[in-house]
Structures are given as C-alpha cells and as structure tokens.
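Engineer: Kindly generate the complete structure, drawing on both the sequences and the hints.
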Amino acid sequence: MDKLTVSPSPHIRDSMTTSKVMTHVIIALCPALIASVIIFGARALMLTGFCILTAVVWERLCNLIMKRPDSTGDLSAAVTGMLLAFNLPVTLPYWMAAIGTFVAIVITKQLFGGLGHNFANPAIVGRIVLMLSFPAAMSNWVVPFYNADAIVTQPTPLVSGNAEYLDLFLGTTGGCLGEVSALALLIGGCYLVVMKIITPHAPIAFIGTVFIFSYLVGRDGIYQILAGGVMLGAIFMATDYVTTPITPKGKVIFGIGCGIITCVIRFWCSAPEGVSYSILLMNIVTPYIDMFTRKKAVGEVYKKQAKEGDAQ
Amino acid sequence: MRLNGIILPHKKGTENAETVAVPCPETVKISMSQHMGAPCRPVVKVGDRVTVGQKIGDCDTYMSCPIHSSVSGEVTAISDMLLANGKSCKAVEIACDGLQTVCEEISPPTVTDKASLVKAVRESGCCGLGGAGFPTHVKLDYDESKNKIDSLVINAAECEPYITSDYREMIENADGVINGIKTIKNLLGIEHVYIGIEVNKPKAIALFEEKLAGEEGYTVLRLKEAYPQGAEKVIAFNATGRIVTEGTLPSDHGILVMNVSTVGFINSYLETGMPLIERRITIDGDAVKKPCNLKVPIGMKLSEVLKIADTDIEQIHKLISGGPMMGVCVYDIDTPVCKTNNAFLALKKQGKLKKLWWHESAHTNCIRCGRCIEACPLGLMPTELEKAYDRKDRDALNKLKIDLCINCGSCSYVCPAKRSLAEKNQLAKGFAMSK
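So the sequences go chain by chain: W and X.
At position 160 of the first sequence (counting the first as 1) the number is 159 in numbering that gives the first Met the number 0, and the numbers step up by one without a gap.
At position 255 of the second sequence (counting the first as 1) the number is 254 in numbering that gives the first Met the number 0, and the numbers step up by one without a gap.
Treat the hints with care, since some could be wrong.
[To be verified] Simulated pairs of lysine-lysine, BS3-like, Cα-Cα distance not exceeding 25 angstroms:
#1 Lys386(X) - Lys66(W)
#2 Lys2(W) - Lys348(X)
#3 Lys386(X) - Lys248(W)
#4 Lys19(W) - Lys417(X)
#5 Lys417(X) - Lys66(W)
#6 Lys181(X) - Lys118(X)
#7 Lys2(W) - Lys288(X)
#8 Lys19(W) - Lys386(X)
#9 Lys2(W) - Lys347(X)
#10 Lys428(X) - Lys295(W)
#11 Lys417(X) - Lys195(W)
#12 Lys289(X) - Lys2(W)
#13 Lys347(X) - Lys288(X)
#14 Lys210(X) - Lys223(X)
#15 Lys295(W) - Lys391(X)
#16 Lys300(X) - Lys288(X)
#17 Lys195(W) - Lys223(X)
#18 Lys295(W) - Lys223(X)
#19 Lys306(X) - Lys2(W)
#20 Lys86(X) - Lys54(X)
#21 Lys300(X) - Lys2(W)
#22 Lys248(W) - Lys398(X)
#23 Lys202(X) - Lys181(X)
No lab work stands behind these hints, which were simulated from the structure alone.
The model shown is predicted, which means the values in this text are computed figures rather than measured ones.
Structural biologist: As structure tokens, this is what we get:
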C-alpha cells in the first residue's frame with residue numbers, strides 16, 4: 000500500500016457489459032440460423048459468416064482510419080452483420096452482401112460516430128440500400144430444401160398469399176434467410192426477454208398492431224404476422240437499443256407505429272413487404288418519441304410557470 | 000405503484016459476528032465536524048484534562064450538535080484536519096491515560112415532553128447514525144402547529160452490501176431499540192410506528208415481531224431486498240404509501256424517519272446519560288482477514304481499528320467508509336473514526352468477485368439500453384441527465400429534475416457500458432444549482 004485510491008461511489012459494478020449484451024443477442028439469433036441452415040442448406044451459414052466477417056473488417060478499418068480505439072470487441076458489428084444476413088435471400092452473391100455490410104457499418108454507424116450514435120438501425124439501412132440497388136437479386140426466393148444445381152424460385156408467401164400456417168410457423172417457405180421460421184425467432188425472443196436483454200413492449204406492440212390492423216381491414220391477421228419479416232423485425236430490429244425509444248411507453252408507441260406503417264405498405268403500396276421501411280421511419284422519429292415520453296420523476300411537482308406573473 | 004430498486008449481492012458475512020469492544024487506544028483525534036451542519040468550536044485547551052463523556056466541542060448554531068470526549072486523558076493538541084469533502088476543520092487530539100474515568104456531570108436527563116427530549120438529544124451529540132449525520136434534535140424539533148406527525152418509520156433496511164452494524168444493533172439491543180421507539184412514540188404522540196426491515200434479515204424480523212406481538216400501533220414491515228430500500232424517501236413511501244414530493248421533508252407529510260441505531264442510542268442516553276462517544280462499525284472487505292463488528296471509541300485511528308480485524312494493510316487498494324454503493328473513499332489510513340461511520344471496507348486491487356466488478360474499467364458509448372432508467376428509484380433518466388450535463392444545458396437538467404437525485408449509485412451499478420452516471424449526476428447537481 001503506497002497510496003489509497005480515491006474514486007467516486009459506487010465502488011461496485013454489475014458484471015453486465017456491452018459485449019455480453021451483444022453475445023446474448025447472437026445466442027438468441029442462433030435458433031433462426033440453425034433453422035435457416037436446415038431449410039436452405041449450408042450456403043445460409045456461409046452467407047451469415049461472410050456478413051459477420053465483413054462487418055467486423057469494415058468496423059476495424061474504420062477504427063484504424065478514424066484513429067478510434069478498437070471497437071470490434073463490443074461485438075455490435077458482428078450482430079449487425081448477422082442481422083443483415085438474415086435479411087438477405089440465400090442466393091445473394093457475396094460481393095453484394097459485402098456492399099450491404101459496408102453501408103450498414105461504415106455509412107450508417109461509423110460515420111455518425113460509432114455505436115450509440117447511429118440514428119437508424121444499420122442492418123435495416125444495409126438491406127434497404129441493397130433492395131433498391133439490386134431488386135432482382137434481392138427478391139430471388141428459392142424453394143426450401145432446394146438443389147443448388149437446379150435452383151427453383153417461388154414468390155414469397157406475402158405475394159402468393161397461399162402458404163399454410165404450419166409452413167409459415169416452421170419456416171418451410173420462401174423468404175429471406177433468417178425471417179422464415181417464426182418458431183425459431185420466437186425462441187430467440189423469449190431467450191432475450193428471460194435474460195432481461197430486451198423488454199417485450201415493442202415486439203408485442205408491433206406484432207399486435209399488425210394483427211389487429213390486418214383484421215380490421217379484412218385481411219388474415221395470423222397470416223400477416225407469420226409471413227414476411229414481421230417476427231424478425233419486431234423481435235430483433237424494433238428492440239435495438241440505440242435506435243428505439245428508451246422508455247417503456249415510448250417503446251409501445253414505436254411498436255404501434257411500426258405495425259401501422261408495415262400494414263399500410265403491404266396492403267396499399269407497390270412493394271410487397273414494408274417491415275424494413277417501417278422500422279427505418281420509426282427510427283427517424285425516435286428522438287421525438289423520447290422527447291414526449293419523458294418519465295415523470297417520483298415526487299415531481301409541476302409548477303405553473305410564468306402564468307402567475309401574467310395575472311398581476 | 001412501486002418504486003424501482005436493483006438487486007445487489009448481500010455479502011453480509013459479518014451478520015453473525017457479535018460486537019466486540021476494542022481496547023482503549025493510546026491517542027485519539029476527535030474531529031469537530033462529524034455531522035451535517037456547522038462544525039463545532041473546541042471548548043478545551045491544550046493541557047486540559049478531559050474525562051469520558053465530557054463535552055469538548057460545541058456550537059451555537061441550531062444545525063449542529065456538540066462533541067464529547069470518548070476517552071479520559073490530556074489534550075495534547077488542537078490541529079487542523081482535512082475532511083473527505085475537501086473542507087478542513089479543527090480536531091482535538093487527546094493522549095489517553097487508560098483509566099477511562101467517567102465525567103462527573105454524566106447523569107440521566109429528565110425528559111417529560113417533546114421540548115425536553117429535543118434538548119436532551121442535542122446535548123447527547125446525537126446525529127443520524129445511518130450515514131448522513133443529520134443532527135437528530137433538528138429532526139425531532141419539527142413545528143407541531145404546522146405538521147402533525149402521525150407515522151414514525153424506523154429505518155432498519157440496511158440495504159447496502161456488507162454492512163451489518165444496524166442488524167447487530169437489532170439483535171444485541173432489541174429491548175433498548177423497542178424501549179427507545181416507545182419513548183419517542185409517547186413523547187411525540189405518534190400514532191403508528193413502522194419498523195422497516197429487509198427480508199434478508201429473517202432473525203431480526205422474527206425477533207421484533209415476537210417482542211411487539213399484541214401491541215397496538217406497531218408494524219414490522221418486511222421490505223423487499225431492493226436497493227436502495229433504506230433511502231429516506233423510499234422507505235417512507237414503502238411504509239406509509241406517501242410520496243415525499245420535491246422540495247419537501249418527510250415531516251411535511253407527517254412522517255418521521257429514524258435509523259434503528261439512532262433510536263437505540265437515544266434510549267441508552269436517556270437511561271445512562273452517556274453521550275455519543277462510540278460506534279458499532281462493520282469491518283469487512285477482501286483485505287480483511289477477520290471480518291467483524293467492533294465497538295470503536297470515536298476518534299480512534301482507522302489503521303489501529305483495521306489492525307484489530309487483522310487486515311493486510313499492505314494489500315489495501317481502496318478503503319471505503321460506508322457501503323460499496325454510497326461509501327466515500329478514505330485517502331489516509333490514519334483518519335479518525337467519526338460518529339457517522341457504520342462500516343469500513345478494505346478492498347484489494349482488481350478483485351473480481353463473483354458477479355461483481357471492483358476495478359474501474361474503461362467506459363464505452365451509451366447504447367441507450369435504458370437500464371439506468373429502470374434502476375433509478377426516483378424515476379429519473381440518468382442517461383439523459385448525463386447528456387444534458389455534457390452539453391451544459393442547465394434548463395434541461397432542471398426539467399429532468401436533477402435536484403431529486405439521491406446519489407444512490409444504482410445507475411452506475413447497472414450500466415453495461417460502465418459509464419459513471421452517478422458521478423456525473425453529482426457534478427450536474429452542483430452545476431444546476433450554481434447560478
């Protein structure tokens with residue numbers, strides 16, 4: 000003992016860290032990845048691995064160029080890469096996937112200041128840019144258990160509108176790599192809720208709104224929540240800490256907004272799917288939701304300011 | 000409605016350690032500022048002989064309380080000492096003669112009503128023994144015409160990890176505490192008493208329920224183990240369901256909150272007339288080989304106290320006065336013990352205990368996970384407060400109610416990015432108050 004250390008309280012900290020949070024998210028994404036590998040074969044695993052790898056490489060390159068400390072250790076880049084891969088068709092060429100991760104990591108995240116400063120979900124932006132740039136490759140939906148030598152494609156259930164509920168629930172249907180199996184995504188979502196990584200506010204509000212809204216306009220509500228990207232979007236994208244509101248009330252508003260926009264795009268726009276756009280749009284209004292859903296402090300007294308002075 | 004709280008590891012390893020009185024030290028250094036409020040002036044001179052319980056410091060200011068000698072001996076010096084908050088005050092140094100002669104003036108006070116109780120409590124040098132050190136007589140001296148106090152809340156939550164001194168008070172001095180509660184209840188005419196104990200102390204709950212069985216107007220509350228259960232506003236709410244609103248005191252809502260050790264001491268003072276000259280202190284931490292509860296005379300050097308607990312002094316990296324959540328770091332191992340101390344934790348460097356981090360790891364960007372907001376017992380938004388402070392936005396800080404922060408440290412504890420939110424809140428509070 001030479002000198003005693005003096006530091007402000009508290010002197011103990013919980014063992015939860017940012018990288019542990021991200022690890023839990025990766026674990027929660029694994030059931031959907033396994034389902035995808037079973038349904039679409041090894042290329043699903045290859046594409047996901049490739050996206051994670053490029054995302055981490057872009058992040059590290061940005062750190063080096065911008066002279067920032069190495070941030071790949073927090074695993075957020077790996078999560079972004081994985082989520083982006085889940086939003087891609089399994090047949091997408093690797094170079095296109097690399098462009099997607101570049102947009103996600105470099106343009107959406109690092110140029111805005113890195114983790115915690117991005118205004119929109121990087122994976123969502125990556126997917127939207129790819130969809131607008133390569134519409135054909137991004138809607139090349141292969142049938143489940145396909146043969147790599149003779150690829151057969153089919154429209155997604157949202158376009159065809161004739162898939163069985165069981166196929167949609169298990170994921171034996173056409174669609175993006177990670178979004179097809181509602182069951183696997185729900186398992187991941189439950190894991191995150193149980194581990195207290197996310198709260199169920201936004202997913203329930205999102206999925207519930209899609210269900211009710213579809214029912215109200217005369218569509219099949221169950222079909223709408225099982226088909227397409229609603230499960231993936233609601234459980235893993237609408238719960239992204241950085242780009243969604245911070246209070247429970249705000250999260251519910253966020254989920255409802257996402258649900259309504261998704262349905263409006265699906266039913267009345269030319270695009271077949273609207274989950275990514277809805278989340279992006281709600282990401283943009285997140286600061287405003289935060290502003291209007293500030294928590295009231297315990298014992299807070301509202302003062303009628305300035306009014307008294309005017310009355311005199 | 001329910002107030003937020005966080006689950007902490009208890010680490011109450013000393014809960015079964017019976018209190019041991021330490022032998023009389025050779026010298027003591029008694030600080031003249033041991034309570035909240037104005038510091039005392041020494042009323043003795045160098046060379047004076049003092050006895051146990053003799054008044055050695057006093058002050059005319061209302062918000063203050065006198066200080067007494069814990070030993071008998073000769074005053075050797077009146078020096079300046081630096082306090083943890085950066086201010087300095089006088090300190091009386093006494094060389095002990097080892098005889099522990101008791102002052103002749105010591106006799107039980109006559110207490111018949113509220114005014115005489117307030118006067119007696121002031122003379123006893125009693126201040127809140129929970130840690131803040133608010134002079135107890137000021138608390139008791141509320142304006143009866145304005146506030147009708149109907150609830151007395153005895154704070155025995157002891158929600159900080161490690162500390163067990165209040166628990167030992169309840170176990171070892173249960174009759175004294177209950178007697179003290181009854182005296183205060185009767186003198187102040189309070190209708191109902193709530194004794195708030197966290198459920199991790201089943202023995203204390205059982206003991207108090209047994210002793211108060213069949214008596215009207217007493218409730219033993221089983222409080223959830225949720226830090227900061229012992230914070231004044233939190234325990235007042237959990238006991239009575241009344242919210243202590245911004246800018247008011249519990250007494251404005253008819254509530255009087257007192258620490259269990261304070262009540263125990265008041266009872267012993269009323270019985271013997273011996274002022275506050277010693278304290279039960281928990282000594283724990285991973286550098287302490289024999290964690291224990293000690294009865295320490297005020298003014299004893301901390302290094303001597305630590306030696307009694309067989310502490311590996313060379314290994315100490317951080318010495319905390321109080322609990323690990325709100326405790327203050329001690330910078331000098333020879334700091335004297337004062338009235339408000341209830342525990343000292345001697346921690347080794349970089350100890351990573353199960354599920355807890357000691358060391359100050361580097362912080363990363365806020366990921367807006369909202370854990371701090373979920374943790375704050377007063378419903379504040381620590382991450383927003385931090386951002387508002389960083390951009391020096393005084394209006395936003397006031398809007399976010401920075402003045403309500405009680406510095407419990409829950410926000411920093413839960414932060415996965417390891418940001419120093421509690422520290423920022425304290426800085427922000429000072430900044431928002433400054434004009």
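Engineer: Name the hints, by number, that the structure is in violation of.
Structural biologist: When the structure is compared with the hints, none of them turns out to be violated.
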